[in-house]
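J.: Per UniProt numbering, the very first residue in the sequence shown carries number 1; after that it's consecutive.
Just so you know, the hints here were simulated from the structure itself, not pulled from any lab data.
Hints may contain errors.
Derived EDC-like pairs: lysine to aspartate or glutamate, alpha-carbon spacing no greater than 16 Å straight-line [said to hold, decoys possible]:
hint: 1; residue 1: Lys-80; residue 2: Glu-63
hint: 2; residue 1: Lys-169; residue 2: Asp-157
hint: 3; residue 1: Lys-126; residue 2: Asp-157
Quick list of simulated restraints, FRET-style, between CB atoms [unchecked claim]:
hint: 4; residue 1: Glu-71; residue 2: Pro-142; range: 14 to 20 Å
hint: 5; residue 1: Glu-154; residue 2: Arg-73; range: 22 to 28 Å
hint: 6; residue 1: Asn-147; residue 2: Lys-169; range: 15 to 21 Å
hint: 7; residue 1: Lys-72; residue 2: Thr-149; range: 34 to 40 Å
hint: 8; residue 1: Lys-72; residue 2: Ala-153; range: 34 to 40 Å
Backbone N, C-alpha and C fix where the C-beta goes; we use that ideal spot for every residue, glycine too.
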Amino acid sequence: MEHHRSFRELASMVESLSAAEYVIQPDLIDEHQRNSRCATKKRAPLDIYLSYLGEKTHRTVAESLYNALEEKRIRTFLSKGGNEFSAKQRQAMHQSGINSVVFSKEYCSSLAHGHLDELVEMVNLKNTRGTPLIPIFYDIDPDDVRNQTGPFAEVFDMHENKSQVDCEKVRQWRKALAKAADSPRWVFRSAEHGYYAPVSLAISCIKFFRGK
């Protein structure tokens, strides 16, 4: 199966082609660099905080992207979400130069809410410190994230009517999802971009850090 090819092989294939052909939004990092106060600061202890939820998302996106970034010495903290947004995760996020979240169908497949608390903090850091927030939409419509429709509707109905979470927290999650969906973003479709997508995204991130 082609999805099981090694990162080194994929990286070699992508780098032998025109990077602009595979980077979905090649100007995205440049926009963050122009608009973010973080771009002019001293390099952060960590480069990227990468949040996701779900085993399939780990295999198809998060792990490949993490390996690609680490291979290029882009210091990355990989957070797999879960029931709690821990003090360790919070510290890593606050020490990162960029926060990124992978939205997929698995992101809304559980009543676990640590990943949603993470997202609220990412939005807060973007608003208060100017820390760039880069959402990655993988096989999911950004409008479903923005409006909590489609696969998001059922889990939010459960949060509001069946879980023990208070209404104010749910309101914060909804607001954070809408804010994230309105940020400059990458949208990947596995049927169109396949296994090139994570490596292509890594190339854009690498360009940002090399430009510092």
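J.: Confirm or reject each hint.
T.: Comparing the hints with the structure gives:
{"no.": "1", "hint": "Lys-80 <-> Glu-63", "in the structure": "10 Å, holds"}
{"no.": "2", "hint": "Lys-169 <-> Asp-157", "in the structure": "14 Å, holds"}
{"no.": "3", "hint": "Lys-126 <-> Asp-157", "in the structure": "28 Å, violated"}
{"no.": "4", "hint": "Glu-71 <-> Pro-142: 14 to 20 Å", "in the structure": "29 Å, violated"}
{"no.": "5", "hint": "Glu-154 <-> Arg-73: 22 to 28 Å", "in the structure": "41 Å, violated"}
{"no.": "6", "hint": "Asn-147 <-> Lys-169: 15 to 21 Å", "in the structure": "19 Å, holds"}
{"no.": "7", "hint": "Lys-72 <-> Thr-149: 34 to 40 Å", "in the structure": "37 Å, holds"}
{"no.": "8", "hint": "Lys-72 <-> Ala-153: 34 to 40 Å", "in the structure": "38 Å, holds"}
The structure fails hints 3, 4, 5 (numbered hints given earlier, in ascending order).
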